[in-house]
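Residue numbers (the working numbering): 81 to 480.
There's no promise every hint is true.
Here are the simulated DSSO-like pairs of lysine-lysine, each with C-alpha atoms no more than 30 Å apart in a straight line [unchecked claim]:
id	residue 1	residue 2
1	Lys130	Lys222
2	Lys218	Lys142
3	Lys293	Lys218
4	Lys209	Lys303
5	Lys247	Lys185
6	Lys293	Lys247
7	Lys235	Lys326
Computed beta-carbon distance windows for the label pairs [to be verified]:
id	residue 1	residue 2	range
8	Lys276	Asn370	46 to 56 Å
9	Lys449	Gly295	34 to 44 Å
10	Phe95	Gly295	38 to 48 Å
11	Asn400	Pro278	42 to 52 Å
12	Asp371	Ile116	37 to 47 Å
13	Ser338	Glu466	48 to 58 Å
14	Asp294	Asp109	54 to 64 Å
15	Asn257	Phe169	31 to 41 Å
16	Leu411	Gln475	22 to 32 Å
17	Arg215	Ile433	48 to 58 Å
18	Ser408	Ser338	49 to 59 Å
19	Ser408	Lys385	19 to 29 Å
20	Arg215	Ser271	25 to 35 Å
Simulated from the structure, these hints should not be mistaken for laboratory data. Glycine residues also receive a C-beta, built at the ideal position from the N, C-alpha and C atoms.
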Amino acid sequence: MIRFVKHLGELDLKFKLSEISSLVSEKIDIEGNVTIHNYISTDNMLTEKKGVTIAEKLPSVKKVSTFQKGDILISNIRPYFKKIWFAEFEGGCSADVLVFRPNEKVSAEFLYCLLSSDDFFDYMTVTAKGTKMPRGDKEAIKEYEVEVPSMEEQKIIAGFVFTINRKIIVASKINDNLDKLVSEIISQTLSDEVEKIPLFDYVDGLNGHAFYKDGYDEVNDGKQYFVFDLGNIDINGRFILTNKDKFFNQERLTSTLSKFILEYHDLVMIMTDRTQNMAILGKTTFITKNDYFLLNQRIYRLRVKNKIFLPFIWAYLNSNETHDYFKSVSLGTSQKYINVGQISNLEVPNISIEKATEIYQTLYPIMKKIESIQNEALNLEEIKTELLPRLLTGQIELSR
């Protein structure tokens, strides 16, 4: 049960982050202690608070920072990516990962709730040092102020957040498995000898518009469009919400700009990759709402001419073969990107209507299942995003 309250309880106190936790600085030898399964770096931490994945390799150094189960790890590079993880095991991490350990004033789970709030990541971003690759200022981070309720209230708040997180993780894992199934199906269905033709034989393309030049609008009760941005596609090629989502009032949408309205099951591709290992370059997701999204710059829209080819094109664009192609032709140094010419040069298998129908009958139900699970996870994320800041500031209370 949730109830709204006007003020924090009298027992709630304000503390600096340094008064309720410490930054761990101990080191351990990699040999005998650390493997790719318990090594955490900024590279294998996922954006938008999605946790971690298995590291691709270990560093060449002999010692790394240590962490234990229940610590909270945060990437200190480009804090606006919001990479955070509640440690489920002990291990080692790179120097660019901050390790927070709670003291007796807070539970580990509640500390995670505090540090996973958008307010904290906004604070990290504002106080960060550097421009091209900003890093969090440790001294400023220690000064971050938080409100700490009683242990009983901490347990209730953390229980709420972790329950939602578990449901989101389960949904994500199901979709990960469905993605793998799609990849296996498409690789088994297509032979290596098949003739290839230009991608644009199957699709019409459109580059995004720089809506920032027109100015964004504050969220309001009127008819608005969601401006689909680079940050709205995750490492798995799925749509996500962020705390920097942008909106554009319908009344300002001119006839010239209306061509950037996205239709249901349009495909949208990332043209600029802000990760350090090109993990999302060329990743392509499908639109799940009609007449709701606008196509922003550095996102490319692909509209399949014949919908029977939709699942095939979507699956092939997310294949390892396509990803390897985009990585091989990518441009830029600190940020890798592709252009329209490189997208138009992509060749895809030339398949018959009969083959496309066979693939459609197999893959389209999987697409719809992924869509349903994704929407459920987004609803949970919206609930958490809406309620967490109010829970942490005492505007609402949860009761057992």
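Comparing the hints with the structure gives:
1. Lys130 with Lys222: 24 Å, holds
2. Lys218 with Lys142: Distance ~24 Å between Lys218 and Lys142 Cα, so the pair holds.
3. Lys293 with Lys218: Roughly 35 Å between the alpha carbons, so the hint for Lys293 and Lys218 is violated.
4. Lys209 with Lys303: Given pair Lys209, Lys303 is violated - Cα atoms ~39 Å apart, limit 30 Å.
5. Lys247 with Lys185: 28 Å, holds
6. Lys293 with Lys247: Violated - the C-alpha atoms of Lys247 and Lys293 are around 39 Å apart, more than 30 Å.
7. Lys235 with Lys326: The given pair, whose Cα atoms are some 34 Å apart, is violated under the 30 Å limit.
8. Lys276 with Asn370: 46 to 56 Å: 32 Å, violated
9. Lys449 with Gly295: 34 to 44 Å: Hint holds: Cβ distance 38 Å, inside 34 to 44 Å.
10. Phe95 with Gly295: 38 to 48 Å: With a Cβ separation near 39 Å, Phe95 and Gly295 satisfy 38 to 48 Å, so the hint holds.
11. Asn400 with Pro278: 42 to 52 Å: 20 Å, violated
12. Asp371 with Ile116: 37 to 47 Å: About 45 Å separates the Cβ atoms of Asp371 and Ile116, which means 37 to 47 Å holds.
13. Ser338 with Glu466: 48 to 58 Å: 31 Å, violated
14. Asp294 with Asp109: 54 to 64 Å: Cβ of Asp294 to Cβ of Asp109: about 55 Å, so the range 54 to 64 Å holds.
15. Asn257 with Phe169: 31 to 41 Å: 22 Å, violated
16. Leu411 with Gln475: 22 to 32 Å: Given about 47 Å between the Cβ atoms, the range is violated.
17. Arg215 with Ile433: 48 to 58 Å: 54 Å, holds
18. Ser408 with Ser338: 49 to 59 Å: The hinted range 49 to 59 Å is violated for Ser408 and Ser338, with Cβ atoms some 36 Å apart.
19. Ser408 with Lys385: 19 to 29 Å: Holds: the Cβ-Cβ distance is about 27 Å, inside 19 to 29 Å.
20. Arg215 with Ser271: 25 to 35 Å: Roughly 49 Å apart at Cβ, these two residues miss the hinted range, so it is violated.
Comparing the model with each numbered hint stated earlier shows that hints 3, 4, 6, 7, 8, 11, 13, 15, 16, 18 and 20 do not hold.
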